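Line order of the protein sequences matches chains A and B.
With the numbering used here, the residue at position 180 of the first sequence is 180, and numbering never jumps.
With the numbering used here, the residue at position 201 of the second sequence is 201, and numbering never jumps.
I should point out that these hints are in silico values taken from the structure, not numbers from a laboratory.
Since the structure is predicted, the reported quantities are computational estimates derived from the model, not experimental observations.
Careful: at least some of the hints might be erroneous.
Claimed, not checked - DEER-style ranges, computed between Cβ atoms:
1. A:R230 with B:T43: 42 to 50 Å
2. A:Q311 with B:V65: 34 to 42 Å
3. A:P215 with B:R335: 30 to 38 Å
4. B:T43 with A:D292: 33 to 41 Å
5. A:D292 with B:R214: 42 to 50 Å
Claimed, not checked - Straight line, CA to CA, 30 Å or less: simulated DSBU-like cross-link-like pairs of lysine-lysine:
6. A:K127 with B:K127
7. A:K48 with B:K127
8. B:K59 with B:K127
To be verified - Every beta carbon over 12 Å from chain A, so not counted as near; a handful from chain B, in silico:
9. A34
10. P88
11. R214
12. S298
13. L305
14. E331
The C-beta atom is built at its ideal place from N, Cα and C for all residues, glycine as well.
2 protein chains.
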Amino acid sequence: MRDDRVSMLSRSATLFGFTLAGVLGTAVGVRAQALEDLQTPETPLVLKAQGSFYVGGEKSEQTQVELGGLGPGGHITVDQMYVRYMVPQGGDGNVPVVMVHGATLTGKSWETTPDGRMGWDEYFVRKGHPVYVPDQVGRGRSGFNQAVLNDVRAGSVPAANLPPWLRFSDEVVWPNFRFGSKPGAPYPDSQFPVAAVDELSKQGVPDMSFGMPRPSPTIKALSSLATELRGVVLMGHSQSGPFPLDAALLNLSATRGLVLVEPGRCPDTYTDQQITALATVPILVVFGDHRDTPTGISTRPSWQLSFESCQALIGRVKAAGGDAQMLNPPERGIRGNSHMIMQDRNHLQIADLILQWIAEHARKRSADAK
Amino acid sequence: MRDDRVSMLSRSATLFGFTLAGVLGTAVGVRAQALEDLQTPETPLVLKAQGSFYVGGEKSEQTQVELGGLGPGGHITVDQMYVRYMVPQGGDGNVPVVMVHGATLTGKSWETTPDGRMGWDEYFVRKGHPVYVPDQVGRGRSGFNQAVLNDVRAGSVPAANLPPWLRFSDEVVWPNFRFGSKPGAPYPDSQFPVAAVDELSKQGVPDMSFGMPRPSPTIKALSSLATELRGVVLMGHSQSGPFPLDAALLNLSATRGLVLVEPGRCPDTYTDQQITALATVPILVVFGDHRDTPTGISTRPSWQLSFESCQALIGRVKAAGGDAQMLNPPERGIRGNSHMIMQDRNHLQIADLILQWIAEHARKRSADAK
C-alpha cells in the first residue's frame, strides 16, 4: 500500500513547483500514475444493461460561419443531455437513481474516484439500483451551442457577448471544496484523498452556465428522463443541487425522492404553492464538514450559508407537511467530509446512509406515473 | 417491431420541418423516444472492472479573467484525456482495444447506437477484450483550455485569435457520412439506421481541433495509455484515423495492432525510416461503401480520396515488409456501409471481421513492452 502521507506531500510539492525529494531523502517527486491506482473490486459487476443515450435537444439553424466554416450552413441539435446508464442484473424493480454533477465538472464526478476507488455510480448499481449519470447541457458529452463563438470570431458579434467560461484554480479548490483552509494544507481529519488532488484537477471542464438559457435546459431534461423512467430518485450536487427540486416541480409523479448533495443554495423563492407541491416528495439534503471555511469565492463566502439556506427550505417543506431532512455527518461523529463527498475516503459510508434513506423514504412508483 | 420505413420518413419529415401525418393518414409525426428504443441484451454483461480515469495533462497558470472571473487566478490542468473502460470477467489476458472517435464527436460514437443497439464498446468486451474509450483532448469530458475565450471576452486578445468551433449540419452529414447523396434520401442499401439520424445529430459537440497544439495532445496521451496498459490495439475513426499510426511511432513496443476506421487521410509524409518502423506493427484499414459520394466539404471532396491515400500507405508499409491490409466490405459483397460504420445496422458483422483480424494478426505482448 502506498504511503499516503508521503505521496500527498509529494503531490502538493509538485503542485507548488518544488520537490521534497531532498528533504525526505528519497525520490518522491514522481506523480503516481492514475491508471496504476485503479482498484479492482473483489467480485464482478453483473449488468442487465449498460450504455448511453440523449434526452431533449432542439434544432438550431446556423450559418456556415456559425458552424465553423468547414461545411455549409444548416441545422444542428443543441441543448441535448447525454446520459450514461447501468442497470444491475435483477435490479429492474428498484428505484433508479439519477446523479447530476456540479459546476466546472461532468458526470465523471460520480465515476472512479481521483485515487482509483469505485465511484458512487457503480456502488449504487451494486446495491441494486439502476443508475443514470448525465452530463449537464453545455458540458462534456452533451456539448454546447458554439454559434456565438464563431460569430465573435468573424467580427459580426461583439466580444462582450461571449459568456464567461468558468474554471476553478487548483489553489481555490482547497478552501472552496474544503480539503483544507489553504492550498496544500489539508485538515487533519480531511476525508478527501488529497494525494490525488491533481486527478480531481483533470476532471475540470470549462463551464458556460452563465451563458445558458434560463432556466437551464438540464432541468427540463432531468424531468423528461424521470418521466420516461416512470419515477426516479434525483440527486444533484453543488451547482446542480437545486435542480432536483426544479425538475420535480415539472412532474411530481415522476420523482420518488430528491437528494441534494452539498447544494450551492436551496432557493428561498418558491411560492407557498410550490412548497406544498414539494412537500409531496421526500427530500434529503447532505452536507459535509468544515463549512465555515472561507471559500475564496466572493459570491459564496462560506458553505455554511448554503447549509443554512437548506435548513430554511427544509423548515418550510416540513411546515407544509412534507418529509424533508438534513444529513449532517458531523452530528453523527463522522468528521472531515469535503464538498466532493462522493469522492471522499469514507464515500461508501456516506453512500450507505443515502441508500438507507432511499430504502426508508423513497415513494413507491405511483400507478399514475406519467 | 417498429416500422423502420415509416419511422424513417417521419424523422426526415421532422427534420425538414413538416409532417407526413396527413399524407400517410396516421399520426407518425412524433419522434420516437431515444430511451424507449434502448435494447436489452439477452445475457448479462459480467465485468471484472469498469470505471474511468485521465491520461496526461499539463499545469497552466491563468489569470482570474482567464478562469472566468468567479474565483482568483491560479493553476488548472489542461490537455488531459478522459478514458472510460470496461474489463470483461476472465478477459485479462486478451489484448485491450482503445477506440478513438472522430471530428465533432466524443467517445459516445462507440457506445449504444443512435437506434438503441449495443455499441462496439460492449460488443468487444463481450468478445473478451478490455475496452478503453477516450474523449479526445479538447472535447467531451476531456475539456479544453478556455483561457483565450475569456481573454477575447475581456478585450485583451483580438477576436480573430479564437479558434473555429466546428460542427457539421444535419444536412451535410447525409452526403458526408454517406447515408445518401442528399438529406433525407438514403441509399436503398444504406446500412445506417437513418430513422434515428436525429439521435446521431445529438452526439455532435463543438470541435476546436484547429485551435489545439500540434501535434494533437491526444496522440501522446494515446501512446501513454498504450504504454501503461503494456500493449494495445489502437483504433481510430475519421479525423482520428491516423492517430494510431502517430501514437505507434512514439512507442512501437506498446502497440500490438492498429485499426484505422474510415480515416480522413492516411499521411503521405512519413519518412522511409518511419515506414520501416510502422512495418513492425500489423495495420488494418476499414472503409465502407458509396465512397464516391460528393461530401459537400471542400477540403475532402470524396472519401474515395481518403481510401486511395490509405491504399498508398498500405503499399509503402507492405513494400517495407509490413503486415498491412484494407478491409473493403463491398469486395466481400457487404454493401451500403456508411462513414459511421460502428453504428450501421450490420455493425456487428463488421466488428466480427475486425475481431477476426485482431485474433489472427495482433502481435503478442512483447516481453520488453515498456
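Status of each hint after checking the structure:
| no. | hint | verdict |
| --- | --- | --- |
| 1 | A:R230 with B:T43: 42 to 50 Å | violated, 25 Å |
| 2 | A:Q311 with B:V65: 34 to 42 Å | holds, 36 Å |
| 3 | A:P215 with B:R335: 30 to 38 Å | violated, 48 Å |
| 4 | B:T43 with A:D292: 33 to 41 Å | violated, 53 Å |
| 5 | A:D292 with B:R214: 42 to 50 Å | holds, 48 Å |
| 6 | A:K127 with B:K127 | holds, 27 Å |
| 7 | A:K48 with B:K127 | holds, 17 Å |
| 8 | B:K59 with B:K127 | violated, 39 Å |
| 9 | A34 | violated, 4 Å |
| 10 | P88 | violated, 9 Å |
| 11 | R214 | holds, 17 Å |
| 12 | S298 | violated, 8 Å |
| 13 | L305 | holds, 16 Å |
| 14 | E331 | holds, 30 Å |
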